[in-house]
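Let the sequences and hints guide you as you build the complete structure.
So you can see what is in the structure, the chains are spelled out below.
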Amino acid sequence: MLRIELSHRFGDFALDVDITAGDGITMLFGPSGAGKSTIAKAVGGLLQTDQAYVQLGERVLADTSKLLWLKPHMRRIGYVFQEPRLFPHLSVRGNLLYGAGHDTDLARIADLLDIAPLLTRRPAGLSGGEAARVALGRALLSAPSLLILDEPLAALDARRKADILPYLERLRDHANVPMLYITHALDEVARLGSTLVLLQNGKVARSGSVKDVLSDPDAVPVLGPRMAGAMLEGHVVRHVDGLTELEVSGGLVWVPGTAGAVDTKIRLRVMAQDVIVGTQKPQGLSALNILPAKVVSLHRGDGPGALVVLQSGTDRLLARITQRSLDEMSLAPGDAVYGILKTVSVGPTDVFAGLD
Amino acid sequence: MLRIELSHRFGDFALDVDITAGDGITMLFGPSGAGKSTIAKAVGGLLQTDQAYVQLGERVLADTSKLLWLKPHMRRIGYVFQEPRLFPHLSVRGNLLYGAGHDTDLARIADLLDIAPLLTRRPAGLSGGEAARVALGRALLSAPSLLILDEPLAALDARRKADILPYLERLRDHANVPMLYITHALDEVARLGSTLVLLQNGKVARSGSVKDVLSDPDAVPVLGPRMAGAMLEGHVVRHVDGLTELEVSGGLVWVPGTAGAVDTKIRLRVMAQDVIVGTQKPQGLSALNILPAKVVSLHRGDGPGALVVLQSGTDRLLARITQRSLDEMSLAPGDAVYGILKTVSVGPTDVFAGLD
Amino acid sequence: MINLPPEGWDALWLSLRVAGLSTLLSLPVALGVAVLLARGRFWGRGILNGLVHLPLVLPPVVTGYLLLIALGRTAPIGVFLEETFGLVLAFRWTGAVLAAAVMSFPLTVRAIWLALEAVEPGLEEAAATLGASPARVFATVTLPLIAPGVLAGAVIGFAKAMGEFGATITFVSNIPGETQTVPSAIYSFLQVPGGEATVWGLVALAVGVALGALLLAELLSRRVAARIAGRA
Amino acid sequence: MINLPPEGWDALWLSLRVAGLSTLLSLPVALGVAVLLARGRFWGRGILNGLVHLPLVLPPVVTGYLLLIALGRTAPIGVFLEETFGLVLAFRWTGAVLAAAVMSFPLTVRAIWLALEAVEPGLEEAAATLGASPARVFATVTLPLIAPGVLAGAVIGFAKAMGEFGATITFVSNIPGETQTVPSAIYSFLQVPGGEATVWGLVALAVGVALGALLLAELLSRRVAARIAGRA
Amino acid sequence: EPVRVFAAASLKTALDAAAAEWAGGTVSLSYAGSGAVARQVAAGAPADIVVLAHADWMKWLDAQGVLGTDPVIFAGNTLAVIGPVGDAELALTPQDIAARLGRDGRLAMGDLRAVPAGIYGQEALVALGLWNGVAGRIAQADNVRNAMAFVARGEAPLGIVYASDALADPRVAIVADIPSDVHAPIVYPAAVTASAGPMAQEFLSFLQSSVGQSVFRAAGLQEPPK
Ligand SMILES: Nc1ncnc2c1ncn2[C@@H]1O[C@H](COP(=O)(O)OP(=O)(O)OP(=O)(O)O)[C@@H](O)[C@H]1O
Ligand SMILES: Nc1ncnc2c1ncn2[C@@H]1O[C@H](COP(=O)(O)OP(=O)(O)OP(=O)(O)O)[C@@H](O)[C@H]1O
Ligand code: MOO
Ligand SMILES: [Mg+2]
Ligand SMILES: [Mg+2]
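Residue numbers (my numbering), protein chains in the order written: chain A, -15 to 340; chain B, -15 to 340; chain C, 20 to 251; chain D, 20 to 251; chain E, -6 to 219.
Hints in this document: simulated from the structure, not taken from any laboratory.
Ranges between beta-carbon positions, derived for each pair: (1) C:Arg155 to B:Gln184: 35 to 41 Å; (2) D:Ile66 to E:Ala120: 46 to 52 Å; (3) C:Ile96 to A:Phe(-6): 55 to 61 Å.
This one's a predicted model, so the numbers in the text were calculated from it and none came from an experiment. Beta carbons are placed, not taken as given, at the ideal position from N, Cα and C, and that holds for glycine.
Here it is, written out as structure tokens:
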């Protein structure tokens, strides 16, 4: 368990947060200047805030009311900074091993991050993305009891990001290292996060489990309309033709790839904008996944869009459609409808092994 | 017109490119370490490559065969680096005005980038995103005749990115400043780019107009399957209910927002994964946009997915569906089908005023 | 107050003038030389480097003697200076300024040089892409960034100039009111049995002035550095 | 070859030993003091700063005289050192080492200090988050990064030690083969009419050695800096 | 164990020669200004013999209680006014000196407080009634040799140094002798220190012996005044 209580002033900017995060990955999400890096620094011990209480598991790392302030190196917190901060005088290998006792995991992590060919190089010659990957590997290798990642993937291209995400997942699930993860990318939030903290202007605007916050229509204004979506839970039924059939509470869903062994619990993220609402069961469509559902509520926004909350089995689905469609179909709460998901819109980065 | 002919070696890495870019924005897209920043530096005059020929309009900036190598400040090239590189001893205002003769545009650009409240601050106190915005503003204000942007938006959150993109567009369209734009984000490519250069390993893997490269099924392996899509051209017909109706060659399409005045030419990007293929005209769906089309060709990939190229009027559409659906619907070239686009999947960042 | 013979006060006043002027005059030259040494790649760089450091390596008396040989009234350069500019150095306070400048030069140059090497080249690149000529880059980016180093160089030069003795007395001798700096006066009184009281008075003054300058400059330089780091 | 009387060679050899040892011994202390001054926030920092710079500000003869007063064989500290450690400084080559160390100390400290201020704090932070204690951070990050500065400090200290005269001759006198360094020897020969040949020979040697060290060190330091910058 | 002699630097030529002549043992000679030597010996310098260029410092040393014997005077010297070689004789009159110094010429001397030759020189100038005319024109050097160098290099048209030094530099010549009765007698006192070894007295005696004295005469020094 990670407990963070901070307050601090920087001129006009006032930070004042109280965050409790369970195991797994706590995502800090919020606009530029919201105070994400400031929180990260305070937790890492790098910035002494005016008031601070930080507790990690049993260990109290900071308690300004008791004048307690552990030095960074006593906190056992790995940190990936917004800039790579590689040691210029050490080779890539030297950087990676700096915080590691031994080099047992070096080869594996170097392979994973695709930096094995760089091991003998100096940081000055690395490209932006290469440097970011080395910084990530260095923190991973230091075997921390909390990992703080400040936009660790921002400098990476989509493919590399996709390569590294599963590793962070594995770390989350198996290494039992809680993480504080700062990002601007909601796919990372949905993919990795257990807890989501939405920050605005130094304050917590909303927080809770990723699943709850993402599928809460009220959070949409903070997340941005194109980012809204819901989370489904299910388990693997079978693998056919390179697809995986999952059973969710509302029915069966196909996802590409062979996601987990039979019976593995799985989380699916379904973006609101990827859900089509149909009043009749459609025929002859390339979209494979059609879930019967009931309209729970309708939320008209300021713009042309509207959010439809659907109940599908025990899960909630969000669908973002135009108000025009809403009117044409004259939807109302209680209506029986179909939620249509394009199979491929539930792509690999939106399927993940569950935590629970 | 921008002509770039370079070759250079860094140990194992060999750069060898020949790029011709028209006006507008030339996007350099490629994985980390592909050589994007190296090209940018050579064009900017910051890194003297082994061989170089760089011509911008009438001006030859570099020609190593003639021992010509203009110094950076003689090139009139604005540069936004991967790191902000703000002058620590100047205020934000001082940074912004460094390359500008006067401060006529200061207020406008500061507002646009949401940095007006920071003007009197020092760079050291800025958050990562704030610094990135100041760096962008500084380059914009220097009135360059070419603007090089090396992942300028990577540190920005989605909302800010969405705020800044229209400005870059306006710059492209009205200021008549060609740009060399490096990014990992295909939405930026599609939104801003005229020319797209795909780099891999120091070589040009593909290049051409953004429209051609993005809708070329053969480019999909380089772009990544989730990034494939096509580009439609059309013009504004009318505005209703906060939606805009566009006429494309294949029919009528609704997009959210009031995109341009009536008759404005418009480009639409339609991601392959957002297109559903139907063999019958669907009824009672929340998706408003249904275009009759003909199957042109089918491309089965290695994984579970397949690409369907559709002809809709004079435009091509790409649809990414599962091979399973392909088989169930037994699609074949020449079949008459319907391409179904969810209105909202044609979101604001995928609609843009055309260049042509 | 400290009880000094009048020539002690004269000496203090002269030392301040000499050290101040030598610092002021040599600073731009030191800046130029530091830039050449830190950034330049030219033939003779090694020689320039050696020349700059010579006064540090040589016993001060030898430096003074070399100055006398090179710039005395009968030496070609000395004659030239006198005939062209009416500038006489030997036995003049102007010569004391020169001696102080020469002796403190390596210290000033090194301080600036080190500061120059710490400037991040990325910032200078950025300035160039914003259209700034090398001269403007230097004036508006490099110089402000090395300002603490330049200040440090100036102060250490000033301190050294206040303490310089051997080269000064050898080159311009010890003429009360004209070339008798504090160290020369101290030397003079130190050699008199029973002159200690005056010596300690002078020492206290010299130390006070130089350390005052030092601390003031450090304060200033911290403030400049803090400004740069954005802490103020 | 340069034609020197035997005491000239003795002086050169002694100077090398004295300058070498003084550099070696004072370097760790200078490093510590530079760290205290650059990073420390403690009461008395200003006093320490002043003390370190004193030898720069004072005429060397005064520094030598102060050393004599403080550490002479009849002075309390001198007596204590002799009785406790059997260490005699005044009039011994060990004292010459001390004088050289004291005189070059401010230069060495400042060079290291400037280098310390140029170290990016972000890197030390990163090391701490990787679990490195402050001592380890210093040894594995700070120290390698300031290595060029430390080297520069050592070399300027060595050069200064080679040229030091006033404090040395005052504190340990000018005993051939024992405390007669090159500058003292030069002083002696300057007293002899016709001693110039020997003087210039000694000057040439001293300059050669010191500039050699300087250039060597600069080469080294460039290489270190290049390694750090990843150009090699 | 050599006999350690701490001596005034202006005696280097003479004492080096004397040490070379002495068959009784080896001598280690350490030269510095008289004041520095005196202070060092008082501070416990390992000197067997101390040799100075001015009686006052020896008196001071005696008062410190570090001397083993009473000082002896083993040589004397006279002062001379020097000019660049080839210059005409100078009459010791205010007019002639003023003429020779010209508008801004300097009279080079040892430091008037610190260097014995300077102290004697000032005394002489005062006694000769010349002081007021030159008081503002003195260029003081930190030792006699440097004063002489000013004249040798043409910086100063006149200088006052020991006659013994003047003879040794071919670039300067004596333009006027200063009578030895217008200043305190120039004497070189020497003494054995309280901590001296057994050979010290022997070397000191050698300096006073006829062999020693002839070495001093050869170096331009004179017999000690009676
Ligand atoms: N100074 C240098 N010395 C050695 N190798 C270098 C140097 N600069 C770049 N490289 C190498 O050249 C290749 C291309 O680097 P470049 O910075 O152009 O990549 P990039 O495409 O911009 O990557 P990213 O998206 O990660 O910023 C990389 O393999 C990099 O390691
Ligand atoms: N040292 C400082 N001095 C003054 N203000 C500061 C300082 N550090 C941060 N701030 C301000 O505090 C606010 C929060 O900064 P922080 O770096 O935590 O933002 P962030 O959420 O990480 O943003 P980004 O996504 O852009 O990195 C910003 O307004 C920033 O300008
Ligand atoms: O050696 Mo002296 O004491 O300068 O005459
Ligand atoms: Mg941040
Ligand atoms: Mg790059």
